[in-house]
Amino acid sequence: MPEHTFRVNGEQVTVEAADSERLLWVLRDILGITGPKYGCGINVCKACTSHVNGKAANPCAIPVKDLRPTDEVTTIEGLAATAGAELHPMQQAWLDHDVAQCGYCQPGQIMAAVALVRRVREEGRRITEDDLDGIRNICRCGTYVRIREAIKDGAARM
Amino acid sequence: MTGDDRDRRDLAGPRTARSSTGAQGIGRRRFLGYVLAAPTLATAAEPALAPEAAAAGAPSAADAAAAVPSPDLTELVDLNDVMTAAAWPTSNLIKVVVNKDGTVSFALPRAEVGQGITTSTAMLIAEEMDVPLDRVRVTLADARPELAFNQLTGASNTTISTYTPIRVAAAVARGRLLEAAAVELGAKATDLTLKAGVVTDLAGGSIGIGALAEKAASDEPRRVSVQLKERGEFTVIGTPRNRIDALEAVTGRKKFAMDLDVPDAGPTMVCRPPTLNGKVGSVANAEQVSGMPGVTHVAVISTGVAVRARTFGQCIDAVRALRVSWRPGSAEGKSDASVREELRDAELPLGLPPVTPSVEATFTFAFRSNSALEPNCAIADVRPDRAEIWSGLKAPIVAKQAIAAKLGLPPHAVTVHVTESGGSFGRRLFFDAALEAAEISRKIGEPVKLMWHRADDSRQGRTHPMATSRVRAAYLGKSVLSYRQRHTSVATDLSHGLGEVFTALAARLPVGDIGFSETFFQLSQSTPYDFGFHSRLLAETDKGFNTGSMRNVYSPDVTCARELVVDRLAAKTGKDPFSFRRDFLRDDRSRAALEKVAEAGNWGRAMPEGTAQGIAFHSEYHAVSAVLVEIDCRPETVGRPIRDGVTGPRVTRAVLAVDVGLAVNPRGLEAQMMGCLMDGIALTLTSSLHLRDGYFLEASWDNYFYTRQWNTPPELEIIVMPTTTGEPGGAGELGVAASMAAVACAYGRATGTMPTSFPLNHGTLSFEPKPTVPPVPASPTDGLDHVR
Chain Z
2 MPEHTFRVNG
12 EQVTVEAADS
22 ERLLWVLRDI
32 LGITGPKYGC
42 GINVCKACTS
52 HVNGKAANPC
62 AIPVKDLRPT
72 DEVTTIEGLA
82 ATAGAELHPM
92 QQAWLDHDVA
102 QCGYCQPGQI
112 MAAVALVRRV
122 REEGRRITED
132 DLDGIRNICR
142 CGTYVRIREA
152 IKDGAARM
Chain X
309 MTGDDRDRRD
319 LAGPRTARSS
329 TGAQGIGRRR
339 FLGYVLAAPT
349 LATAAEPALA
359 PEAAAAGAPS
369 AADAAAAVPS
379 PDLTELVDLN
389 DVMTAAAWPT
399 SNLIKVVVNK
409 DGTVSFALPR
419 AEVGQGITTS
429 TAMLIAEEMD
439 VPLDRVRVTL
449 ADARPELAFN
459 QLTGASNTTI
469 STYTPIRVAA
479 AVARGRLLEA
489 AAVELGAKAT
499 DLTLKAGVVT
509 DLAGGSIGIG
519 ALAEKAASDE
529 PRRVSVQLKE
539 RGEFTVIGTP
549 RNRIDALEAV
559 TGRKKFAMDL
569 DVPDAGPTMV
579 CRPPTLNGKV
589 GSVANAEQVS
599 GMPGVTHVAV
609 ISTGVAVRAR
619 TFGQCIDAVR
629 ALRVSWRPGS
639 AEGKSDASVR
649 EELRDAELPL
659 GLPPVTPSVE
669 ATFTFAFRSN
679 SALEPNCAIA
689 DVRPDRAEIW
699 SGLKAPIVAK
709 QAIAAKLGLP
719 PHAVTVHVTE
729 SGGSFGRRLF
739 FDAALEAAEI
749 SRKIGEPVKL
759 MWHRADDSRQ
769 GRTHPMATSR
779 VRAAYLGKSV
789 LSYRQRHTSV
799 ATDLSHGLGE
809 VFTALAARLP
819 VGDIGFSETF
829 FQLSQSTPYD
839 FGFHSRLLAE
849 TDKGFNTGSM
859 RNVYSPDVTC
869 ARELVVDRLA
879 AKTGKDPFSF
889 RRDFLRDDRS
899 RAALEKVAEA
909 GNWGRAMPEG
919 TAQGIAFHSE
929 YHAVSAVLVE
939 IDCRPETVGR
949 PIRDGVTGPR
959 VTRAVLAVDV
969 GLAVNPRGLE
979 AQMMGCLMDG
989 IALTLTSSLH
999 LRDGYFLEAS
1009 WDNYFYTRQW
1019 NTPPELEIIV
1029 MPTTTGEPGG
1039 AGELGVAASM
1049 AAVACAYGRA
1059 TGTMPTSFPL
1069 NHGTLSFEPK
1079 PTVPPVPASP
1089 TDGLDHVR
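Chains as they are written, first to last, in the working numbering: chain Z, 2 to 159; chain X, 309 to 1096.
Keep in mind that the hints were calculated from the coordinates and are not lab data.
There may be inaccurate statements among the hints.
[What the hints assert, rightly or not] Subject to a maximum C-alpha distance of 25 Å in a straight line, what follows is the list of computed SDA-like cross-link-like pairs (lysine to any residue):
| hint | chain 1 | residue 1 | chain 2 | residue 2 |
| --- | --- | --- | --- | --- |
| 1 | Z | Lys153 | X | Pro1088 |
| 2 | X | Lys1078 | X | Lys714 |
| 3 | X | Lys880 | X | Lys851 |
| 4 | Z | Lys56 | X | Gly785 |
| 5 | X | Lys1078 | X | Ser590 |
| 6 | Z | Lys56 | X | Leu555 |
| 7 | X | Lys537 | X | Ala490 |
| 8 | X | Lys563 | X | Gly540 |
| 9 | Z | Lys153 | X | Arg961 |
| 10 | Z | Lys153 | X | Lys851 |
| 11 | Z | Lys56 | Z | Glu130 |
| 12 | X | Lys751 | X | Pro636 |
| 13 | X | Lys751 | X | Leu784 |
| 14 | X | Lys563 | Z | Ile31 |
| 15 | Z | Lys66 | X | Thr1089 |
| 16 | Z | Lys66 | X | Asp1090 |
| 17 | X | Lys523 | X | Gly513 |
| 18 | X | Lys563 | Z | Gly125 |
| 19 | X | Lys563 | X | Asp644 |
| 20 | X | Lys883 | X | Lys751 |
| 21 | Z | Lys56 | X | Pro1088 |
| 22 | X | Lys587 | X | Thr672 |
| 23 | Z | Lys153 | X | His1094 |
| 24 | Z | Lys66 | Z | Ala86 |
| 25 | Z | Lys153 | X | Glu556 |
| 26 | X | Lys408 | X | Lys523 |
| 27 | Z | Lys153 | Z | Leu96 |
| 28 | Z | Lys66 | X | Leu1092 |
| 29 | Z | Lys66 | Z | Glu12 |
| 30 | X | Lys851 | X | Arg961 |
| 31 | X | Lys563 | Z | Ala86 |
| 32 | Z | Lys56 | X | Thr1089 |
| 33 | X | Lys587 | X | Pro1082 |
| 34 | Z | Lys153 | X | Val1095 |
| 35 | X | Lys714 | X | Pro571 |
| 36 | X | Lys563 | Z | Arg119 |
| 37 | Z | Lys56 | X | Asp1090 |
| 38 | Z | Lys66 | X | Pro1088 |
All values reported here derive from a predicted model rather than from experimental measurement.
Given the sequences, and given the hints that come with them, work out the whole structure.
Structure representation (structure tokens):
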């Protein structure tokens, strides 16, 4: 098996895996990082949403060979550290709005939310209702309205 | 208390009896409990029924018959009364434990699937013990057969059935802590106060409950009598609280079954048949697939071909590489149209046509998926003489018994751990993955971590069955004379333990020998309106499908049909939908909730053409719910572009009012109502399975259109009505039926039609079906092209 080197949550890692092995299974089955969840395996449900170099990415659709040694993968477990705090402001907003129900989609939702806020900020604008409508992450518990409220609140704190 | 409540007392003694106490100043009702023999303080409730409750006569078929012309069985006894009565005798077996670190532990014999019962349970204990909520640790109990009917999570019954026993156990613990503190502090117990987990005496001396945990323990069981707090003394129950597991959820630390690190439990998947429940004929390349990278095992099992590998990615590759010849399944050649014909053949007659004017309609409801986001999954470690299972299970005792039987092991040799579930919606009443994982682990002799692919979960997983509902309502002038509903459904599999509950209590149920599904139907359905004579019947057909209860079971379809007919009746009798309902609702609780949504939602406001309001009502689980929605059916909204998504009409505003009697955690209740609304929107507008050639076409969340952000109402208001009965009703499923119905009614009013086929978009296939061979799609490889 070939070796692949990249960064996860601030640390350099090297794993043995087939070139085509998707990052989701490298994280979950080889590295034991279980925050990113499986919900479809075809980049539809977005439950595995994490960050690659600070932007939202879906590990179920990334062959591990595509990662370079300098690429920084951030999962929900590493999010707080990017803000240098116990909790990222978006996580705190999530707690304050009591967003989670079963919690299964929540790591992906939070990672998607943080990336959305960063993106619109880079575009020099504020989050719109259309931006929120465009979030594809499924919440089968249907806590969509609290997700929207928490994103707006979390954005104000970021 | 109404006469109906008195009739119900025998079945629900512990629930209803309290409301009869105190009013005359006789003093608070006392409950019996136990201090159990344990190293630290452990307490439980005494299961004996209250004397006045036991003395009341059980309802009987004769009582029900005497109530004609409208024999609504649920007025005498409903599903929740039955489940509560069944759970009560073993309430002494669930215990509150005080630990030396000052925490309080409770292993809840129910499944947490997102509905918030670990939080509400912790609140009950915190309230009665006067300990901080964050010191209460609620975990999920392993399967415990000795609990009999007291470990089934369903019918929104958890809080209804555990409200009293858990508080009694906590109150016993509190009393015992005070006794022990009195000895330690050299004070009279009556001079002590227990607050925030610390006992304080009049002189300022204090001791924490952790330091008392051993001192308050008992070497032998002791029976004690306690009083519970009155509602006016509550400082935790009835106050909005955040979930106790929220921090774990937002940090990724919350563990679901597939997140558990069970030694050697290798990733495992199953190559499944192209048609529903097809069987393996032969495998052409098992040896070759066994040699694929990472693959450790390939084995034919009863449901397909299992593969175990180092990673799930390797499992997906192996499943896709298998060349299997398949034998036919259980729905071979069937389609939506052919099942609709079967239903038509099974429909019961509505009786002779009425001599007065009437409204009559037939509604069709497509198959729907109760897939959760966490797919079916389980870990199994089966050894020759024992087995250990980890899975999200709402009926773990039945799972344990079935797995033991399948493995040929005695039940005590099978340990079943209940894990936190990533949603249920009815799916986790069954244990398909746990049973399958046990079979695979036995076959290959290794522990397995089994995961169903999303495509498996959607195509082979359980469904809410296709159904029709036929309604006829006769009216004259401003009166409704009769209401008949005939619900006809593909059979719903209810073989998850509720059946045993009914069997055990059969002699006490006023239903006679009408069969299990009909019993469930009659115990869960009611007509909340004063419609003269009414009757409701269920007919079932075709057991060839993998079905199960889906959140709120029969009620969404039954209620949607009824509420659409109610709108027609309103039009025929010259009233608007709100005032018609208000005038015909039977009781004040119901009217209050309906009036609340009409007021908060500004019922009757002028709206542009192509948009409209809809209003609907539903009562169940000792609770009532009313929903008002506004919908936008204008072309520019219906056609708004979303990639690979169904847009369609949008619910632009929703107002829900719920009266659950007593809301233990109003914030949690609001969350459940929000979810119920999203389910209702999906059921009316977008979500269904299409059956073609013996299989379901949907294999992805972009095929099965559950509500997404772009379908979410921009404006939502949820109103928790003030406490009425003082006893908690059910909440987890309560809002689905009225939500579905309100959206349907709003659509009807916006378009000037009465929709009769659900979901509305079922006739249009909005996606390209994925192949069935191989059964699971390959994962994409272009992920880095889409970072954003």
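Subject >> Violations among the numbered hints >> reply: 1, 2, 3, 4, 8, 10, 13, 18, 19, 20, 22, 24, 30 and 36
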